[in-house]
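Okay, here's what each chain looks like letter by letter:
4 protein chains.
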Amino acid sequence: MRYLTAGESHGEALVGILEGFPAGVGMTAAYIERQLLRRRKAWGRSGRQRRETDTVRILGGLHRGATTGAPIALLIANRDARPLSASAVPLPGHADLAGALKYGFSDVSIVRERASARETAMRVALACFPRRLLGGLGITVAGRVVRIGDVVDERDSSGHGNLHEAMRRELDSAAAAGETLGGEFEVVARGVPLGLGSCVQWDRRLEGKIGAQFMSLNAVKALEIGAGFGLSGSKGSAAQDAICRDHSRRGFYRPTNRSGGIEGGMTNGELLVVRAGMKPLPGAAGNCASLDLRTGRTASPRRYRSDTCAVPAAAVIGESLLALALADALLEKFGSDSFQELKARVESWRQQCRVPLRRSA
Amino acid sequence: MRYLTAGESHGEALVGILEGFPAGVGMTAAYIERQLLRRRKAWGRSGRQRRETDTVRILGGLHRGATTGAPIALLIANRDARPLSASAVPLPGHADLAGALKYGFSDVSIVRERASARETAMRVALACFPRRLLGGLGITVAGRVVRIGDVVDERDSSGHGNLHEAMRRELDSAAAAGETLGGEFEVVARGVPLGLGSCVQWDRRLEGKIGAQFMSLNAVKALEIGAGFGLSGSKGSAAQDAICRDHSRRGFYRPTNRSGGIEGGMTNGELLVVRAGMKPLPGAAGNCASLDLRTGRTASPRRYRSDTCAVPAAAVIGESLLALALADALLEKFGSDSFQELKARVESWRQQCRVPLRRSA
Amino acid sequence: MRYLTAGESHGEALVGILEGFPAGVGMTAAYIERQLLRRRKAWGRSGRQRRETDTVRILGGLHRGATTGAPIALLIANRDARPLSASAVPLPGHADLAGALKYGFSDVSIVRERASARETAMRVALACFPRRLLGGLGITVAGRVVRIGDVVDERDSSGHGNLHEAMRRELDSAAAAGETLGGEFEVVARGVPLGLGSCVQWDRRLEGKIGAQFMSLNAVKALEIGAGFGLSGSKGSAAQDAICRDHSRRGFYRPTNRSGGIEGGMTNGELLVVRAGMKPLPGAAGNCASLDLRTGRTASPRRYRSDTCAVPAAAVIGESLLALALADALLEKFGSDSFQELKARVESWRQQCRVPLRRSA
Amino acid sequence: MRYLTAGESHGEALVGILEGFPAGVGMTAAYIERQLLRRRKAWGRSGRQRRETDTVRILGGLHRGATTGAPIALLIANRDARPLSASAVPLPGHADLAGALKYGFSDVSIVRERASARETAMRVALACFPRRLLGGLGITVAGRVVRIGDVVDERDSSGHGNLHEAMRRELDSAAAAGETLGGEFEVVARGVPLGLGSCVQWDRRLEGKIGAQFMSLNAVKALEIGAGFGLSGSKGSAAQDAICRDHSRRGFYRPTNRSGGIEGGMTNGELLVVRAGMKPLPGAAGNCASLDLRTGRTASPRRYRSDTCAVPAAAVIGESLLALALADALLEKFGSDSFQELKARVESWRQQCRVPLRRSA
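Sequence lines, in order, name chains A, B, C and D.
Heads up: the first sequence at position 191 corresponds to 190 in numbering that gives the first Met the number 0, and the numbers run straight through without jumps.
Heads up: the second sequence at position 13 corresponds to 12 in numbering that gives the first Met the number 0, and the numbers run straight through without jumps.
Heads up: the third sequence at position 92 corresponds to 91 in numbering that gives the first Met the number 0, and the numbers run straight through without jumps.
Heads up: the fourth sequence at position 329 corresponds to 328 in numbering that gives the first Met the number 0, and the numbers run straight through without jumps.
Bear in mind the hints are in silico, worked out from the structure with no lab data behind them.
Heads up, some of the hints might be wrong.
With a cut-off of at most 16 Å between alpha-carbon atoms, the simulated EDC-like pairs for lysine to aspartate or glutamate come out as follows [what the hints assert, rightly or not]:
{"id": "1", "chain 1": "D", "residue 1": "Lys234", "chain 2": "C", "residue 2": "Asp202"}
{"id": "2", "chain 1": "C", "residue 1": "Lys234", "chain 2": "D", "residue 2": "Asp149"}
{"id": "3", "chain 1": "A", "residue 1": "Lys234", "chain 2": "B", "residue 2": "Asp149"}
Construct the entire structure; sequences and hints are all you get.
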């Protein structure tokens, strides 16, 4: 499975293609639009963001409401299709400076049009297909905000999705001050079969694939799997998860989950837990100094409308990224022609993982 | 540039191939062996590790001490080539359980032979080529330990490589107790040209490529670029790095480096700073419970000789991973046939990045 | 550089994304539509094909008429967007049977919607970008029909593009009989720099990349580079191309071009010559027997409107495929951020290839 | 599944890594050496070639004679490890000229060391694993010479592997004259399941993958699948293969096989038939003119010991290439963790392809 996205933030539309996805998975534009709405309506968004809606057109890969195995093409029209006005002053914290020099522009708005997090709407849209596929196999992904600025949600990963009241207040007060905030979000996947990913080659380790997905999300600067940095201070005798077996239904299981569902490059059948840290968006009032790329002289970047905080939206996007990574690993292990075939193979595998091995090596 | 590694921990040898590397970079087996020695002699290793030496054979890609553009093949013989004895009891924290089920073995030692961190010796060996290439362009990578267990080195990223005295004591006392420790290491790259990586497609963002490299290292459970999670609590007005220009030599520069040298998927010309958190190795005394894969009954994993701590070694391996990621991004931007060609292009690019743009978009 | 296409033959639209293409290459929808018209109006097409026109929308990657380095997204609306009516009888010679079983459909029209050569319209559209890029570097690609059914054009590869009069008669008489015809086409690239592709790894040889492109074109069953099968009967002493040097302008050149511009996996600076053989399209009158996939009983595939011959169109598509393969190899050697950068590097390389080497190995 | 090879023709050894290959496939060095012997002893080889033997060491990926899922590493020592003596005169027909300029050498022997067909020994060795895997699923690959110089073997593809007597005489008389010869070889795969490859994206079409494999073989300049160029002159009504069904055992089958076992990018369950044309090797006596790269002046390439004809060896190598392409497509469809898992899935699929579809789309 692979995917590409295209389109500019204030261009005509975003476009995406998802390739290598199996036939037989049901999908509607309405389902995708609901996920896009979750991303868009997340607290911390600017007023305009929260009022508008994204509509999506499915231009390929669907027949009578189900995938066909053909590549899936999506188009999300941009309602606000006025291009950014030109500027030669790069905004610190954005792709502006490096992008302008790399691609040979003095107008940094051309760079920002594509580097903008608007692109993540298409990742969320494309990920609806993996999300549905996983759902059909009993695998769910759920994101939540665990920190906004200085406010940390102390509750555990029990899957509640609502933003803590103190966080909302933090967001509102930052918005009033023209300030932006960073934070942390967590995504948990339930029902993941054991054995996705591999330990045999560096670039097939699932941690690396999750690292590639999450670190490629705009503004993410930090990542943890399971207890993450918390394990750095643990003693080895208290850092692992015992291996147990439940004779009734589950088969192998772990009474603790410090490893966050991945050991040695592979899923171990427990909850998969990923946490990411985001920096505040660059568009805050009183942003630091820059210069004019044409003259080289000091200049202030233009005031730039910005969301107050991208973390609540990122919790939704993070679900999408984890769905993409997991579906990819799943299709690699089980093949990717049709959902019917896939489902039978996954069920057989789950059954097999419940009982002791009869084979000897 | 791409690379594959092969070979088992106690097999005959480790083998690696590095493909797409330019001609004209000097290399000797002695240089590679020195890097392997740095990895091996790192504090925290078991006695056997520290006594032995790795010798490497360069089997392809070199002519009279310089690369030829042909794929590079390396072989590191395993001195201790006795296979692990068979065991049906998976060690929690290792790839044993998932790997045995996935590949169909009841003997978990077969899985551990390949999942072992011994494999990283080959990554260090292959990375000597990127390291030399970068060195020839004035780019260096330097790793250091920033935490062992509860002991944190408060010094800044100024590049000292020695292990803090308190850390050594922590390691020695853990070793005496048969305990293992985790920690954190940091890798810093200096002299990196602006504009490596790209903002235009999710999988070309340099953060994602660094994420893939570092999260694929055994026992790494957390990652930060620049100020990392520290930025999650910052206000936006205090989280960016101003853009300045030095008329003498450097051209564009930043008085602060919160972003750790990457903005919007691309290097920005500042120090590139990556920090990773590792869990303690699984082989501690008093390791938690497991079961026998053949019977499904509770059993203790066999006592397994282990290093006390992998973090000092990982600081060396991390240099290698960053060198691999940076060289890959560099060759993508500048082409990869010969070092001579590459060097001229990089110099011309650096010159161009120092002066204001004359082009308009 | 990489690209994906999506969309069904009678769906709403075809969609394509081209990724990794440099900034600074001029493009208009009109240019793309002219290339689509060349493909569509080619002799041998059915009446409907020749009457209609394709219009294209450029949805990403362009700013004021030039590429920006961002991924390029194209959309070609299907005018005739009525889906094929369902059928359970696979047409021999098409993807129908294998596709229906593979993706789990008894309605073969779902398979044919994507397997149809309508998809090649998007390949032609996307290839306009490589074509323009090559053009800006003095490299051109030109296709011509060399055979239709039993009529062979004996003229040499001098680049004329007109269909031989005898071929037109052959096409018209086949059309009148409800018959389809195969044939051969040739594509020639001029001005290609020496040294594209590589001899050092199997999957970097340019012949293999050209093989992948051309053999993936619908109905192509045979391929030759240079003298092709003609060389199989030659003596070695008469099969190679001498290496000469012209002191005025060209530098190294070959008085003959039996190798068709590629030796040892790389371009040698001569005309690059590729020839492909196509089978007749499956939709001929009196098509052979098939069966009903639901019952397993013998049945006739439904009469299916078809072009008489795809070879004249394929000569245009072949230009596109060669442009894609060459641009990819070019960007690999020279880097792909901006055309300005690329052009300077190509010019410097060409200059360097004209003179004797001063370096010693 | 992916693989890389390394090592020079007269260097210490050839090295290869095969990654993504399932556990549970039996292998011995002796099996690999037998295949290497078939390649080496093929008629047309020089005396030295035919006297020596290749010995192989399996350095990774095997445990007690069966694969483990870990990457497979092979090493073939070069007995004749004296490097070629330096030369600044490129041999026409080889990679010498383009390679020397590309990688920056005036000594063309450095280029030829890697560009040499000696590298194909490693492809044959690595392909033993796919070959065994396919064998365990009832799929065989068999190559034969169909033409040497002017002598064509008129027998059909019935799988005989012996070289026609007239061909041997042709080879012997060319050898006596210091001449080299080209020719054609054919590879046939039997027992291939329907539905490998895909019609949905250009680079997943099996013809393209076969094209990439075969066109990347040294000296191959032409390729045909099934009736190949012979179909270019056929009428559409006589060019397809009817779809029939055999109620006893085979399920769907074709009474003819003009398409050579592939339609619309996928296998159709019939014999897969590939034919390739090779040019004569460049090392013939009286080779055409060249020049000295340092002076630019006309010079004769050094007399170079060469096989008389590579076609008989290529028939063996071609089996390997087809095995690699088919195993890759098979593992993509069925997953690649263990042979046991793979076998059950393939059997279930074959059963399913024998009966009419019960599903409706």
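Now the hints, each set against the structure:
1. Of the supplied pair hints, the one linking D:Lys234 and C:Asp202 is violated, its CA atoms being roughly 36 Å apart against a limit of 16 Å.
2. Distance restraint check for C:Lys234 and D:Asp149: the Cα-Cα separation of roughly 9 Å lies within the 16 Å cut-off, and the hinted pair is therefore satisfied.
3. For the hint linking A:Lys234 to B:Asp149, the alpha-carbon distance of about 9 Å falls within 16 Å, and the restraint holds.
Checked against the numbered hints above, the structure breaks only hint 1 and satisfies the rest.
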